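A.B. asks: Sequences are here, hints too, so could you generate the full structure?
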Amino acid sequence: MLTRILTAAALLVLLVLLPNLRLPWALYLVPYLIVGWDVLWRAVRNILNGQVFDENFLMALATVGAFATAEYAEAVFVMLFYQVGELFQSHAVGKSRQSIAALMDIRPDYANIERDGRLEEADPEDVAVGETIVVKPGERIPLDGVVLEGASSLDTAALTGEAAPRDVRVGDSVISGCVNQTGLLRITVTKPYGESTVAKILDLVENASEKKSTSENFITRFARYYTPCVVIAAVLLFAVPTVLLAVLDPLPAFLTGTVWTDWLHRALIFLVISCPCALVISVPLSFFGGIGGASKCGILVKGGNYLELLAKTETVVFDKTGTLTRGTFSVSAIHPESGFTEKQLLETAALAESYSDHPISLSLKAACGAELDAQRVSGVEEIAGHGVLARVDGRPVAVGNSRLMERERAVWKPCDLPGTIVYVAIDGVCAGHIVISDQPKPDAAQAIQALKAAGVKKTVMLTGDNPAAAEDITRRLGLDEYHAGLLPGDKVDHLEALLAAKTPGAVLAFVGDGINDAPVLGRADVGIAMGALGSDAAIEAADVVLMDDKPSKIAAAIRISRKTLRVAKENIWFALAVKAVVLVMGAFGAATMWEAVFADVGVAVIAILNATRTLRVDDVV
91 MLTRILTAAA LLVLLVLLPN LRLPWALYLV PYLIVGWDVL WRAVRNILNG
141 QVFDENFLMA LATVGAFATA EYAEAVFVML FYQVGELFQS HAVGKSRQSI
191 AALMDIRPDY ANIERDGRLE EADPEDVAVG ETIVVKPGER IPLDGVVLEG
241 ASSLDTAALT GEAAPRDVRV GDSVISGCVN QTGLLRITVT KPYGESTVAK
291 ILDLVENASE KKSTSENFIT RFARYYTPCV VIAAVLLFAV PTVLLAVLDP
341 LPAFLTGTVW TDWLHRALIF LVISCPCALV ISVPLSFFGG IGGASKCGIL
391 VKGGNYLELL AKTETVVFDK TGTLTRGTFS VSAIHPESGF TEKQLLETAA
441 LAESYSDHPI SLSLKAACGA ELDAQRVSGV EEIAGHGVLA RVDGRPVAVG
491 NSRLMERERA VWKPCDLPGT IVYVAIDGVC AGHIVISDQP KPDAAQAIQA
541 LKAAGVKKTV MLTGDNPAAA EDITRRLGLD EYHAGLLPGD KVDHLEALLA
591 AKTPGAVLAF VGDGINDAPV LGRADVGIAM GALGSDAAIE AADVVLMDDK
641 PSKIAAAIRI SRKTLRVAKE NIWFALAVKA VVLVMGAFGA ATMWEAVFAD
691 VGVAVIAILN ATRTLRVDDV V
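With the working numbering applied, the sequence shown corresponds to residues 91 to 711, in that order.
Rather than coming from a laboratory, the hints here were simulated on the basis of the structure. Computed from a predicted model, the values in this text were never measured in an experiment. Treat each hint with caution, since some may be false.
[To be verified] Have a look at the derived ranges for each label pair, beta carbon to beta carbon:
| # | residue 1 | residue 2 | range |
| --- | --- | --- | --- |
| 1 | Val219 | Pro318 | 47 to 57 angstroms |
| 2 | Arg497 | Val219 | 47 to 57 angstroms |
| 3 | Asp463 | Pro486 | 14 to 24 angstroms |
| 4 | Leu338 | Phe678 | 10 to 20 angstroms |
| 5 | Arg566 | Asp206 | 55 to 65 angstroms |
Virtual Cβ for every residue (Gly too), placed ideally from N, Cα, C.
C.D. replies: Written out as structure tokens, the structure reads:
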């Protein structure tokens, strides 16, 4: 393209510098066709396919019309400058795509797989679950798995936007896309490539552009009707004065001194001005850049529509465990009833919960310390929102919350200590309770403050935990309100009430761990999955996925969305205002082809440069 532009420009300069020679008009066709043959071809092809009114048609019509009015040099110049603008636009869009590709450059090229006692390089898609891969220092982990041998530090910056490395050792889960920094790792593959974290993220980013924002849809609809309207207006601008020139005598003032070619020239200028390139390219590019800038920070947005909704967030509703708190519980108190010991109470609870991987179950097993004999446990039944029923050493045991005690008709005593209260009933008698505490995440309080600074009016916590623990977290973090002791269905009911109470047009976002909160994530205006590193459920259920465990990223996502929306609106109003002014000037003969080219290509270039600002998020994070 650049060679064609330079060749055509050189020929045009040569022809213009020879003004005293009576050059045949066909000579101007040479630089015109060199630089503009593809525009003419696309215009013809699109017309044959039923797509008449686009920028190719407008540019072809305007320049062919200029030839018809003997404005040969002007016709070549318009096509030349249009192609210069197209080249610049392609470069800007390409740079934006390259920037986004660099941000998400996590696709693994190969996997070192152990087969028959030796290493082979294989395509990650050809590696089966259960096979062992070796990741050397400096290599990217190609597949999700569990460390079988070795210890190392992993660079997760491409996924989370965080510079701090993550240390892993034998038994730890690792995800694809991370870079192994120090030690050699042998990893057992737990997921095929198509279900791996890196594949899901890449698919998410690549398909984000399919979900258009309201602004993008507006521009698509606008261009569909705008272009035919301006073509009709241009035809009328030429046809009406030409007919009046032929039939009126005397002529009105606005026709005096003009001939039909003057009005044809004005109509052609009108067509050049009216090209919607600035809007059609720059607005989608703004959202594309915003999604890419967010991904740089470890914030994956599934489409421009969700990015636009985030900008209107008025209420943010949080789950507690794993969202505002660490989700790593520890036993802080053991209160046995008369006739039972602390050791007996803890051991019985740990045995009953031994088959569960719930954070509370893990904390009970960790506090027990001793190796638990699974043979002592039978008849395990988990009751959602209540707890676990089992037989330990042949005796019926119930471990859970106060609702479970009431269900089992075991008399229990309330506890005023903050934390999760786990009651234990043996043989239908409450044997005591265990207090388990969960600490807020380091940036949780800062996240709430940042949301309020960003204009969020209400922050709410919905939790299944007891009221004392919920009140303690609410006070420490500065939340506006909380609702405790909720079953999964209760959370949906409370969310419905909050949705009904919000301001019309405002947005409610729900933030959860993406595993147990799928119904609420789906019901909210925007579902945000927290702590989603490697969580399939989070990536599937949420509209926005935060790839690290920091609630402070929510405010950053809102700021990025507002900047993106602001830039898109700037481009819309700037393009429409300039075009409106120059269109009026062109209709009255006050605008030349120079102004027309600026109103088309110049405005498009400026709008695209403005759109690329959304890729830079350092000023809002």
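A.B. asks: Taking the hints in turn, state whether each one holds.
C.D. replies: Hints versus structure:
1. Val219 - Pro318: 47 to 57 angstroms: 55 angstroms, holds
2. Arg497 - Val219: 47 to 57 angstroms: 40 angstroms, violated
3. Asp463 - Pro486: 14 to 24 angstroms: 18 angstroms, holds
4. Leu338 - Phe678: 10 to 20 angstroms: 19 angstroms, holds
5. Arg566 - Asp206: 55 to 65 angstroms: With a Cβ separation near 57 angstroms, Arg566 and Asp206 satisfy 55 to 65 angstroms, so the hint holds.
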